[in-house]
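Listed in order, the protein sequences are those of chains A and B.
Taken in order, the first sequence gives residues 1393 to 1702; the numbers are from my numbering.
Taken in order, the second sequence gives residues 512 to 689; the numbers are from my numbering.
Mixed in with the good hints there might be a few duds.
[To be verified] In the DSS-like style, the derived pairs of lysine-lysine whose C-alpha atoms are separated by at most 30 Å in a straight line are:
1) A:K1468 <-> A:K1479
2) A:K1474 <-> A:K1427
3) B:K658 <-> A:K1427
4) B:K634 <-> A:K1426
5) B:K658 <-> B:K535
6) A:K1474 <-> A:K1649
What the hints contain is simulated information worked out from the structure, not anything from laboratory work.
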Amino acid sequence: MRHLLSISDLSKDEAVLILDTAIEMARASDGPMKKLPTLRGRTIVNLFAEDSTRTRISFEAAAKRLSADVINFGAKGSSLSKGESLKDTALTLQAMGADAVIIRHSASGAPVRLAESQWMTGSVINAGDGTHEHPSQALLDAFTIRKHCSRGGADLTGLRVGIVGDILHSRVARSNVLLLSLLGARVTLIAPPTLQPFGVENWPVELSYDFDSVISDLDAVMMLRVQQERMSDLFFPNAREYSRYFGLNKDRMNMMKRDSIVMHPGPMNRGLEITADVADSARSVIVEQVSNGVSVRMAILYLLLAGDNS
Amino acid sequence: MSVALTGPEISRALTRISHEILEKNSGSANITLLGIPTRGAHLASRISTIIDSIEGSRVPTGTLDSTLHRDDLRMRAPRALMPTVIPSEGIDGRDVILIDDVLYSGRTIRAALDALGEIGRPKSVQLAILVDRGHRELPIRADFVGKNLPTSANQSVKVQLSEIDGIDEVVITESGDK
């Protein structure tokens, strides 16, 4: 592995290796000394041309625990806001000697462009591109599901995962569909027809428009954020109707299987797709997803950067 | 290919090492065994069993993976990480015995010493090794040695243990041999 651009580039063995490596990273971070010397002298650039708290901080924490030097480069307060092209930005990063670039961009395909061009030689890690993919989020979700639901299995065979809500705009959903089915889970997408993407019939998933009829079969329920910033059209009549049919509230949560978990990639719209009492309940692993994110990203950085890249 | 140690020779060596560890540390009261995965971890649990049967009390035994502290990470493909399991007593103030199968350049042990330093401050650190094949690149030596095996750099020493390989045997192969 040299880049992490899309889950579709991963084999099942590689995906399992990342998850297994993350377990050891979590264990190493548990000790009194959180810092490991593994990536000393490597420079990692966080190139975030779109807003993010969780993913950027998570990658930064992961890189720092492995002793890499981290340079943060956001859209606001940099030349990106003056209209500098991706190419010129990449050439600048290359000239500064970046060993890896973690990129978030509003344009789908920007990370692939960066990786396939000759603009820079380092590794490229996709931290979310447009409505395309968000592979590190899917890996941390799979890690969380495996930890809680797989009873020691290496993959997710036999588990049922529901992804609920704004599938249309969700790169998290796209990466998760690919990864969870790669690992053997059955994935059900639950959303109103207007929020199911074009061509979804060809995805390796089952579809449902009725949350209540499937919720009791699911081992993990992954709620997605309603992305109001991408909602230029009317996808549902109003927020109250959406919450009523596709939101996760206490009554609906009580229909879930024993030991099943509630997930959300964040940031949450409390009261819209998930109620506060569910988000803060014992079933919710939402905060744990964040700490798992650091371990999984440490694993990704280790596997991409520790070896010989020349 | 030649056999350097047979199964019975391996188990005699481990029994002798167990006695030497007890002799040097005046019993098992303060010792903690840490095996370096993968084969060192199996050797550690065998030595632990032998010491248990001699002393009649359990010796804290764990594993220590030193991969993240290696200095040659850039020179090869990334290795899979193995579990590090530290016994609940911790290592502060303990006499820690590191256990590995082959001692060669000494770089694994250097990395293991760094990894130990992250976890705590042992009273002493000692090294037990099944095969010392020479060619050290660092000032590191073993306290307990199963067998000194003079080799040349283009030979390779392979320790096989029944837990993983189905047979107890140490073999030397010339590079190019299969």
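Any of the earlier hints contradicted here, and which numbers? Violated hints (numbers, rising): 2, 3, 6; every other hint is consistent with the structure.
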